[in-house]
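Colleague: Residue numbers (the numbering used here), protein chains in the order written: chain S, 25 to 408; chain A, 25 to 408.
Identical copies look the same in the list; a pair holds intra-copy or inter-copy alike.
Quick list of in silico lysine to aspartate or glutamate cross-link-like pairs, DMTMM-like style, CA-CA up to 25 Å: (1) Lys246 x Asp74; (2) Lys246 x Glu128; (3) Lys314 x Asp210; (4) Lys291 x Glu397; (5) Lys246 x Asp154; (6) Lys291 x Glu393; (7) Lys314 x Glu285; (8) Lys246 x Asp130; (9) Lys246 x Asp89; (10) Lys314 x Glu138; (11) Lys246 x Glu183.
Calculated from the structure, these hints are not laboratory results.
Only a predicted model underlies this, so the values are computations on that prediction, with no experimental measurement involved.
There are 2 protein chains.
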Amino acid sequence: MGVELIYLDHAAATPLDERVFLAMQPYFTEQFYNPSSPYAPALQVRRDYDAAKHTIARAIGAKPDELVMTAGATESINLAFASIGGHVVTANIEHHAVLAAAREYDHTIVASDEHGRVQTSVIMAAVRPDTRLISIALANNELGTVQPLRDIASAVREERQKRLAAGNTTPIYLHSDASQGVGQLDVHVSRLGVDLLTVNAGKIYGPKQTAFLWAASGVMLKPQIVGGGQERGLRSGTENVASVVGFAKAIELAETHRKYESERLHKLRNLLQGQLVAALPSAVVSGHAKHRLAGHLHISFPGIDAERLVFALEARGVLVATGSACAANKGTRSHVLTAIGLSDSVADGSLRLTLGHLSTPENTARAGEIIIEEMQRERQRIGL
Amino acid sequence: MGVELIYLDHAAATPLDERVFLAMQPYFTEQFYNPSSPYAPALQVRRDYDAAKHTIARAIGAKPDELVMTAGATESINLAFASIGGHVVTANIEHHAVLAAAREYDHTIVASDEHGRVQTSVIMAAVRPDTRLISIALANNELGTVQPLRDIASAVREERQKRLAAGNTTPIYLHSDASQGVGQLDVHVSRLGVDLLTVNAGKIYGPKQTAFLWAASGVMLKPQIVGGGQERGLRSGTENVASVVGFAKAIELAETHRKYESERLHKLRNLLQGQLVAALPSAVVSGHAKHRLAGHLHISFPGIDAERLVFALEARGVLVATGSACAANKGTRSHVLTAIGLSDSVADGSLRLTLGHLSTPENTARAGEIIIEEMQRERQRIGL
Chain S
25 MGVELIYLDH
35 AAATPLDERV
45 FLAMQPYFTE
55 QFYNPSSPYA
65 PALQVRRDYD
75 AAKHTIARAI
85 GAKPDELVMT
95 AGATESINLA
105 FASIGGHVVT
115 ANIEHHAVLA
125 AAREYDHTIV
135 ASDEHGRVQT
145 SVIMAAVRPD
155 TRLISIALAN
165 NELGTVQPLR
175 DIASAVREER
185 QKRLAAGNTT
195 PIYLHSDASQ
205 GVGQLDVHVS
215 RLGVDLLTVN
225 AGKIYGPKQT
235 AFLWAASGVM
245 LKPQIVGGGQ
255 ERGLRSGTEN
265 VASVVGFAKA
275 IELAETHRKY
285 ESERLHKLRN
295 LLQGQLVAAL
305 PSAVVSGHAK
315 HRLAGHLHIS
325 FPGIDAERLV
335 FALEARGVLV
345 ATGSACAANK
355 GTRSHVLTAI
365 GLSDSVADGS
375 LRLTLGHLST
385 PENTARAGEI
395 IIEEMQRERQ
405 RIGL
Chain A
25 MGVELIYLDH
35 AAATPLDERV
45 FLAMQPYFTE
55 QFYNPSSPYA
65 PALQVRRDYD
75 AAKHTIARAI
85 GAKPDELVMT
95 AGATESINLA
105 FASIGGHVVT
115 ANIEHHAVLA
125 AAREYDHTIV
135 ASDEHGRVQT
145 SVIMAAVRPD
155 TRLISIALAN
165 NELGTVQPLR
175 DIASAVREER
185 QKRLAAGNTT
195 PIYLHSDASQ
205 GVGQLDVHVS
215 RLGVDLLTVN
225 AGKIYGPKQT
235 AFLWAASGVM
245 LKPQIVGGGQ
255 ERGLRSGTEN
265 VASVVGFAKA
275 IELAETHRKY
285 ESERLHKLRN
295 LLQGQLVAAL
305 PSAVVSGHAK
315 HRLAGHLHIS
325 FPGIDAERLV
335 FALEARGVLV
345 ATGSACAANK
355 GTRSHVLTAI
365 GLSDSVADGS
375 LRLTLGHLST
385 PENTARAGEI
395 IIEEMQRERQ
405 RIGL
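Extracted from the complex, chain S is given alone in its bound form (with noise of 0.2 Å):
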């Protein structure tokens, strides 16, 4: 079409940087080896995917032997609750990842509250005792809502020494998948206080179907993919080195650029939402006012059909999502925004607006008023 496509949905796919792809290429071709292999290039290839692991785990404070390399942060939610079952508490406003392994067991769901936060006292309200996991996301993938993790953490541990006293030795555990906020916030496994952890490189520029599973020492974990015993026999199958690889580099790059990174979008995104707000009072901005992620921006117009509004901005090279990326939810109404209480109208005039490494000054200016423009048309349209 010759339109500039400007990228305004970093939430849903990150491009690979150009870093982490010249850091993959070798293990493709030469250093294509089995690591399990005997010979020198193949052992060689090994200490490169350990090397990978550890500057992983370094990235959040661990020991490389505490992680387990999986296909996708999906499959870490689900090696996470497979590993630890019994009764399980998350949040309405989950990924579909993390309900729909909560439903394979015995579950509570907890309300958020209208921000999308999930309050501590509301979760350990529904713990049992005979409850083992508790799954919150670092931060929300629609809303960018960032939850009080390390509270939650402290209240894990208190109930954890409220058993111990009462003589309760079902273990509880926090997990927390963290692929949203990876390069915006810390994830310091220690500081954040979790049990386990789950992160995917596809958000931070790093390959897709890549993630970890971290769990502490002492938690057990359970496979569910089984056969040549690698990953310590927590999930086999020939290690994907290049990828292991690609991740090292992307959340070593996200770490070091951190900071810089989340601050300079904190100040694109609230140009931008300034921008929308001032032209379009009656926009509703959602997600915490204070604790969300620099890059994300939730955004509704009631009364507009935002999957028109879509392909409108579509057509002149606005690349923005309705809501989650998720398959599961096409053509649904967001099981997030329902849940912070949105109403229909509210709720189906959604976009969600997410600045990454692809946005600067001037195209998500460029972005915003665009978005203005498309917004006033389609309101004329339906003489709103």
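Take the given structure of chain S and dock chain A to it, following the hints.
Modeller: Frame of chain S; chain A shown alone:
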């Protein structure tokens, strides 16, 4: 070291074909979109993904919506077992992934003959009225022995008829991991007669951790990894578009060149086998003389320490395996060699030489010379 490398371990890993790499590349960078996103560039990625699945399906004579894309053969095998469950029958020469998956269920492990072939009558003798799954690889990854899969399939069809006549409604299915056969053998599902088929891209010059599980329509699969509902709800997680596009290219190339390549490898392998056996008459060639993968040569030198030999060969640039490249196998005697009744002294002196794209008449002949020299040196050293 400056030594030219001669790779004789194609069964463990294969380098990405340059054409596969070129096909994948755009999906890492410009075409990075999440295929579930609603705008045109993402819809194009979805179409490319679907087209890739179409190509893969065509290569095995199946329909695209009968495929579930997974992150590796091990995952596919686990999905097949988890879906069908019940009493399962497999053989003692199967890959660790199959044996480990079988052990999760009520199982019977039958014995192969001394050539690594599993006789249909032996399998069917183990089938009980409640047997639901038989899993036999198309070709054994260590010996290269090709199984009588069509014959087994027709016995399974007979069993089905018998059950129908007896009013037994328990379904019985035949699953095969054909990862080691693609590119050398016909893997058309109707001609094989299987109900479930696993194929991996990593053994055919495609990307690692990329595979499918095919299931005939009517075979009900049960997801192990739940979430966003991708792959018709049977394997959730954002699709690995680059890898699946690469797999399509790899399997297309494998099928196009299958006849030529398998004849070429067959000739090369026979020359190498002749060269080694002529110079080292005490050598024992294992695997079926006729029903054997074209590129496979499993050869044992009684009394020799194969691990030591692997290092000596590596120092001269020749890369070979002692047995299966699976992690679980490390430092232990191959269960396959025990299964076919090789004595410990023969088994411990075994090399697996597997030819492929990197093999030429020149480097294969040169490898043969080096193996002979190193064997003779080793024999002298230990006074054999």
